[in-house]
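Listed in order, the protein sequences are those of chains R and Y.
Each residue of the first sequence is one higher than the last, beginning at 1 in our numbering.
Each residue of the second sequence is one higher than the last, beginning at 1001 in our numbering.
Some hints here could point you the wrong way.
As the list claims (entries may be wrong) - Here are the computed distance ranges between Cβ atoms for each label pair: (1) R/Ile2 <-> Y/Arg1080: 45 to 53 angstroms; (2) R/Ala22 <-> Y/Ala1022: 44 to 52 angstroms; (3) R/Thr17 <-> Y/Asn1085: 30 to 38 angstroms; (4) Y/Gln1067 <-> R/Thr83: 29 to 37 angstroms.
Stated by the list, open to error - One-sided and incomplete, this derived list gives chain Y residues near chain R with beta-carbon spacing under 8 angstroms: (5) Gly1009; (6) Ala1012; (7) Leu1048.
Keep in mind the hints are simulated off the structure, nothing from the lab.
Ideal placement from N, C-alpha and C gives every residue a C-beta, glycine not left out.
The lines below spell out each chain.
Protein chains: 2
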Amino acid sequence: MINRLQLAGAVARAPETRLNPAGIPLTRFALDHHSEQEEAGLRRQVQLRITVMATGDELSRRARCLQVGEHVTVTGFLQRTLTRNGQPRLVLHAQQLTTD
Amino acid sequence: MINRLQLAGAVARAPETRLNPAGIPLTRFALDHHSEQEEAGLRRQVQLRITVMATGDELSRRARCLQVGEHVTVTGFLQRTLTRNGQPRLVLHAQQLTTD
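For reference, chain R alone in the conformation it holds in the complex (with noise of 0.2 angstroms):
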């Protein structure tokens, strides 16, 4: 079942590192995406923030120094996750990160 996201835009928040319970650092950030997209023949304006997850030793090291405002691609998988007060949210999980 393909799942699969490309996001482009800059990060919007200083990005935070933590272990997760397996012992595998975790770094967190937000994505603000402006952008002009084509739907049903009209020009539309675009705009979302989503927070990026990115796990694993080489990924988390290369987000940990992302700075605020830095343009960054991002492609990786949705997945659903909870907020404090239990509504859904989705988050993305990134496989790769590339800056401009």
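Once you have looked at the hints, place chain Y on chain R.
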């Protein structure tokens, strides 16, 4: 700025069609996705539900014919919307719909 999501899943709620303020038909349905994805060398269970919007004569007509439980692969872009109580939520705006 790239914003491209490919997501396969099953139709979770019957499609609903309306006209948007510009008089363009728009069909909305919920898509349930379950898969295994790789992250930091480990297999991980992924599960999410997302709202899909199919806008324009052709896409809207095709989406309207989908039945609950039917498998579909959607390609499009993510956009932010606000729920009735003002919470931001991500929806998938379809540019392509493929049934198996």
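- [ ] Look at the Cβ atoms of R/Ile2 and Y/Arg1080 and judge whether their distance stays inside 45 to 53 angstroms.
- [x] violated (23 angstroms)
TODO: Take the C-beta atom of Y/Gln1067 and the C-beta atom of R/Thr83, compute their distance, and say whether it sits inside 29 to 37 angstroms.
DONE: Taking Cβ atoms as reference, Y/Gln1067 and R/Thr83 lie about 32 angstroms apart, which means the hint holds.
Task: When the least beta-carbon distance from Y/Ala1012 to chain R is tested against 8 angstroms, hint result - done: violated (13 angstroms)
Open item on the list: Given Y/Leu1048 as an interface hint, is its Cβ closer than 8 angstroms to any Cβ of chain R?
Closed with: holds (4 angstroms)
Open item on the list: Just to be careful: measuring from the Cβ of Y/Gly1009 to every Cβ in chain R, is the smallest value less than 8 angstroms?
Closed with: Y/Gly1009 check passes; min Cβ-Cβ to chain R is 7 angstroms, inside 8 angstroms.
Open item on the list: Taking the Cβ atom of R/Thr17 and the Cβ atom of Y/Asn1085, is their distance within the range 30 to 38 angstroms?
Closed with: Once the Cβ atoms are compared, 33 angstroms apart, the range 30 to 38 angstroms for Y/Asn1085 and R/Thr17 holds.
Task: Cβ separation of R/Ala22 and Y/Ala1022, checked against the hinted range 44 to 52 angstroms - done: This hint holds: roughly 50 angstroms between Cβ atoms.
Figure legend: structure checked against the earlier numbered hints; hints not met, in rising order: 1, 6.
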